[in-house]
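With the hints as constraints, model all of the structure from the sequences given.
Quick note, in UniProt numbering, the sequence shown goes up one by one and the last residue is 592.
Bear in mind the hints are in silico, worked out from the structure with no lab data behind them. Quick caveat: nothing in here was measured; it's all calculated off a predicted structure.
Derived pair list, reagent style DSS-like, types lysine-lysine, alpha-carbon separation capped at 27 Å: (1) K530 x K25; (2) K537 x K475; (3) K537 x K511; (4) K531 x K443; (5) K531 x K411; (6) K443 x K468.
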Amino acid sequence: RIGSASSLSSTIINTRLQELVRLFKERTEKVKEKLIDPDVTSDDESPVASPAAAPLPAPGGELEGDKPLEDDHYCEMLCCTFKHRPWLDRLKSYQFPSSIDPLTNLMYVLWLFFVVMAWNWNCWLIPVRWAFPYQTPANIHYWLLMDYLCDLIYLLDILIFQTRLQFVQGGDIITDKKAMKENYLRSQRFKMDVLCLLPLDFFYFKVGVNPLLRFPRCLKYMAFFEFNNRLEAILTKAYIYRVIRTTAYLLYSLHVNSCLYYWASAYEGLGSTTWVYDGEGNSYIRCYYWAVKTLITIGGLPDPKTLFEIVFQLLNYFTGVFAFSVMIGQMRDVVGAATAGQTYYRSCMDSTIKYMNFYKIPRTVQNRVKTWYEYTWHSQGMLDESELLVQLPDKMRLDIAIDVNYNIVSKVALFQGCDRQMIFDMLKRLRSVVYLPNDYVCKKGEIGREMYIIQAGQVQVLGGPDGKSVLVTLKAGSVFGEISLLAAGGGNRRTANVVAHGFANLFILEKKDLNEILVHYPESQKLLRKKAKKMLKSNNKPKDEKGDPLIIPPKADTPKLFKAVLAARGRTGGQGALGRLRWRLKELKAMQ
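Printed below as a string of structure tokens:
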């Protein structure tokens with residue numbers, strides 16, 4: 001028991017003395033580093049934020065966070081229970097905005113949709129009700145109900161929405177109610193809106209319900225074009241809507257022509273000649289078929305007999321040729337604008353292939369170049385992202401760069417604690433590069449002048465005796481090569497090969513770009529220099545070689561101070577606890 005207690009005591013004392021020696025060594029290293037590098041002022045890499053002030057208690061004596069929450073309201077629908085405020089309370093508490101931004105307010109775009117639907121009702125159905133016998137005394141009240149509902153939408157647009165639209169004057173956005181109302185009353189839009197609501201319906205009492213009296217309702221075309229502009233601005237694939245709109249133009253021209261043909265047939269007399277409509281089958285479908293054959297000039301139509309029929313047919317032919325050619329040209333422009341990027345990609349790829357064939361580049365290299373073109377286009381939708389940002393102001397380019405790259409760059413340990421504005425300036429210098437599978441990102445021994453940030457894909461760090469063993473696989477969000485940005489003496493040589501495992505999209509920051517930025521941020525430059533030295537020192541430390549494990553691990557050397565104490569105690573001939581410890585140490589050394 002006495003021997004085991006002595007062994008335990010010696011172990012505790014030995015461990016404590018080794019801990020003291022280690023602390024003395026660390027302190028010596030820090031003092032030495034401070035003497036060598038005067039920029040190192042403290043052990044803290046960045047200032048510590050001051051603790052937030054404690055929240056003040058409310059007048060009632062309770063903190064704001066301790067206030068009881070409002071009673072939860074639940075609504076049962078089918079088999080589910082939804083938590084929300086009652087819709088009546090939500091409707092009562094809703095306040096209509098005093099001013100509306102026509103460029104970004106989605107609620108205004110939704111309202112324009114209803115206005116355009118009312119405008120389309122008038123444009124499409126007024127000709128039908130005038131030409132075809134679809135409006136009868138039995139269903140007249142349904143037609144009038146829809147007519148006056150559309151008039152109500154027109155009136156609300158004038159009184160509520162148009163008088164609240166913001167506008168720009170002298171570079172300032174005007175949101176004053178009186179100024180917005182006066183701006184609308186002076187505009188051409190107000191004159192057309194008033195004209196389209198002319199109360200010609202009062203003539204119904206004299207001439208009957210004639211749909212032509214509602215023709216001024218079709219003059220609200222400015223709302224239609226404004227809706228097109230706003231909708232195209234929020235759609236991701238606006239060319240699809242443009243194709244649909246151009247097709248609707250063609251269908252509407254055929255619709256109007258079919259109405260005119262039925263009116264001409266009724267004027268001449270249904271079935272009176274072989275040219276007019278004979279009154280059999282569905283009148284609208286038959287007349288629309290005739291209009292399609294006439295405007296597209298398919299041919300195979302019966303010859304007109306009377307002078308009225310000849311003039312009408314000639315006007316149809318002239319109008320059809322003109323309208324159809326305009327529609328084809330507009331459709332070509334829409335499709336050309338939608339495929340402009342694809343056309344540019346094909347032209348670049350064709351030019352590159354022609355160049356490689358001229359200089360007889362090996363087929364394997366040509367295939368890799370083609371693969372790069374195809375992957376870059378399909379993954380990014382463009383070949384060079386910087387081309388889209390050249391025309392933008394510097395502030396907008398910074399906003400886009402922050403949204404795209406800041407979350408990745410802010411996680412880099414090298415840049416943590418640096419000036420935030422320095423990080424923003426650095427984001428604008430990042431360059432996106434796509435690497436193909438098995439492409440070397442960097443090779444061992446070359447001078448490193450760039451830092452790499454993985455945006456998508458994976459890269460593998462190769463090493464070992466043959467240089468082909470996979471040491472580690474880096475995924476999206478990882479960073480490598482950051483030490484090379486601040487290495488002195490001509491740069492830092494790469495210590496391993498880095499290969500793209502698959503298709504990899506990397507951001508590259510060059511050393512010269514970072515040096516140009518750090519000129520304006522000396523404090524961040526000192527911090528980065530300190531971090532780079534620490535990282536270089538940790539990378540250059542020799543690693544302990546792992547041998548065969550020993551059955552009894554080697555014991556650490558006895559500290560010199562402890563040996564001196566034991567020696568002094570031995571010379572005095574003491575046989576106390578220290579003497580027993582000395583004897584135990586000799587025994588352990590002999591066993592080792």
